[in-house]
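Asks: What follows is each chain in one-letter form.
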Amino acid sequence: MQRRVTFDNRLLPYLLLAPQVAVTLVFFIWPAAQAVWQSVHLQDAFGIRSEFVWFENFEHVLTDPNYLDTLKVTVVFSVAVTVLSMGTALLLAVLADSKIKGARAYKTLLIWPYALAPAVAAVLWMFIFNPDIGSFGLALKSLGYDWDYRLNGGQALWMVIMAASWKQVAYNFIFFLAGLQAIPRSVMEAAAIDGAGPVRRFWTITFPLLSPTTFFLLVVDMVYAFFETFGTIHALTQGGPGKATETLIFRVYHDGVVNNDLGGSSAQSVILMVIVIALTAVQFRFIERKVHYA
Amino acid sequence: MKPTRFIDLVPHIVLIVGVLVFAYPIYVTLIGSTWDSGTIGRGGLPLWPGGEGVDNYAQAWAGEAGARAKYTPVRTMMLNSLIMALAIALGKIAISILSAYAVAFFRFPLRMAFFWLIFITLMLPVEVRIIPTYKVVADLGLINTYAGLAVPLIASATATLLFRQFFLTIPDELLEAAKIDGAGPVRFFIDVVLPLSRTNIAALFVILFIYGWNQYLWPLLVTSSGDMETIVTGITKMIGTGESANDWNLIMATTVLAMLPPVAVVVFMQRWFVKGLVDSEK
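Chains as they are written, first to last, in this note's numbering: chain A, 68 to 361; chain B, 229 to 510.
It is worth saying that the hints were derived from the structure and are not from the lab. A couple of the hints might just be wrong.
27 Å max Cα-Cα, derived BS3-like pairs, lysine-lysine [to be verified]:
(1) A:K174 / A:K310
(2) B:K363 / B:K465
(3) A:K310 / A:K208
(4) B:K465 / A:K310
(5) B:K503 / A:K168
(6) B:K298 / A:K166
(7) B:K503 / A:K174
(8) B:K298 / B:K465
Whenever a hint applies, use it, and build me the whole structure from the sequences.
Replies: Structure, rendered in structure tokens:
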């Protein structure tokens, strides 16, 4: 799309674009290209010689049963975070949008966790669920439950899922609220006059009209669970115990930085790129459709 | 007046439970920051404030040695986080508004090629290309510098797309009138486009500031010296292995300080922030 009226200037547009293009080329295109290049090469331990190995790195990564476990953890983690945070946010948004006293105060009180860093959210959760010092952690133990997420993989996964979802509820809440406010009151009132109860109104009117928002959030939350939760996991469990909470992005970091396996780490990066590009493509198709609605 | 039925209270009960679930961890941290590390470490943290608050905050702020280890002072980490967040927010807004202006208001060869070059950056968060980006920054000698912390995170397209979208809604008549009055592209940008974009800039600033302040993986890689530590990565380094023998009082005080700036920004600028989020859908 282009405006009808524009300025005529030969040099200026390029000057205006220069800073953005420079930063993009140096810190974006170049590293991404490097990742692709490295993913099909094998480097010796000193990084002096490298050899073109086709898809050997990918083969290694994808046939490693360890990697498949990581993939499984990632899927469980992402789906759980997405469902939990969206479900909770939708419930709270529907209630905060209804005509009740103090709706404004509730909104403010529910929005602020958006501002927390995922890693800080993890620290807050640690203060509560730590088996030695946390109030809930100690309470669980005193109830006779063998609670220690540092030793028990299942509990650790549960911990990072809860901490990551807890933070994301606020973001989803804002979007659901905006979506709800866009639904014309008259539609709801007409349905109420026709005798539809609140639950029926929600499922036949509100929920379908919210579907574009829901879909958008689905993609955003998946991307959040894939990438931004690195801080949550790193702060809470370091991917452990064992590899119970190691997600794909954690493994890229671990293999690349700690194990210094550049080929393997790059191959994993490329796999992740493909996943994000697919997710983004889906999102754009949806946004285009949504523009039609409006 | 109708008597209040129980069913009318249900939304309030659910919302209050929701608010409590979000507030409780913060409350515990606030309370914890006013007790000594021994009380917290034994798991005996009371539900009311203790008397060590001033000491704890002063100690964390100045970075005096805790009972067990020496830490980077919070004032240093806060300053680093602040510089990083401001550089990311202002840098991204500045380069984005300029490039969006070029793409929207000029016709020139390769315009769409540039647009797509910027556009594809949407798809790859820094986490995905973390190792090669680190290598580029290392080769440029930018490890442990503010430029290394901020510039690679400036390179993404969300803000450019948002500004372009907004610029396309500026009516052609405005531009024609300006041209008739003899205003060039620079004048038009300063006198018309910038003032019109005020709200978008404010909203974006809030979002980007929080984004910058909350970065974790990137600062973890790019800074190795304590002097360059940001507060979000600094806290988790204080925790170490999560054992009961940590200086929990200092960690809790640091956590409170780390939360303050972004939460304050969201609470005070809620209107702009919500508008910005919903408009840009990012």
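Asks: Against each hint, give a clear statement of whether it holds in the structure.
Replies: So, going through the hints one by one against the coordinates:
| no. | hint | in the structure |
| --- | --- | --- |
| 1 | A:K174 / A:K310 | violated, 38 Å |
| 2 | B:K363 / B:K465 | holds, 23 Å |
| 3 | A:K310 / A:K208 | holds, 24 Å |
| 4 | B:K465 / A:K310 | holds, 21 Å |
| 5 | B:K503 / A:K168 | holds, 23 Å |
| 6 | B:K298 / A:K166 | violated, 53 Å |
| 7 | B:K503 / A:K174 | holds, 14 Å |
| 8 | B:K298 / B:K465 | holds, 11 Å |
The structure fails to meet hints 1 and 6 from the earlier list, while all remaining hints are met.
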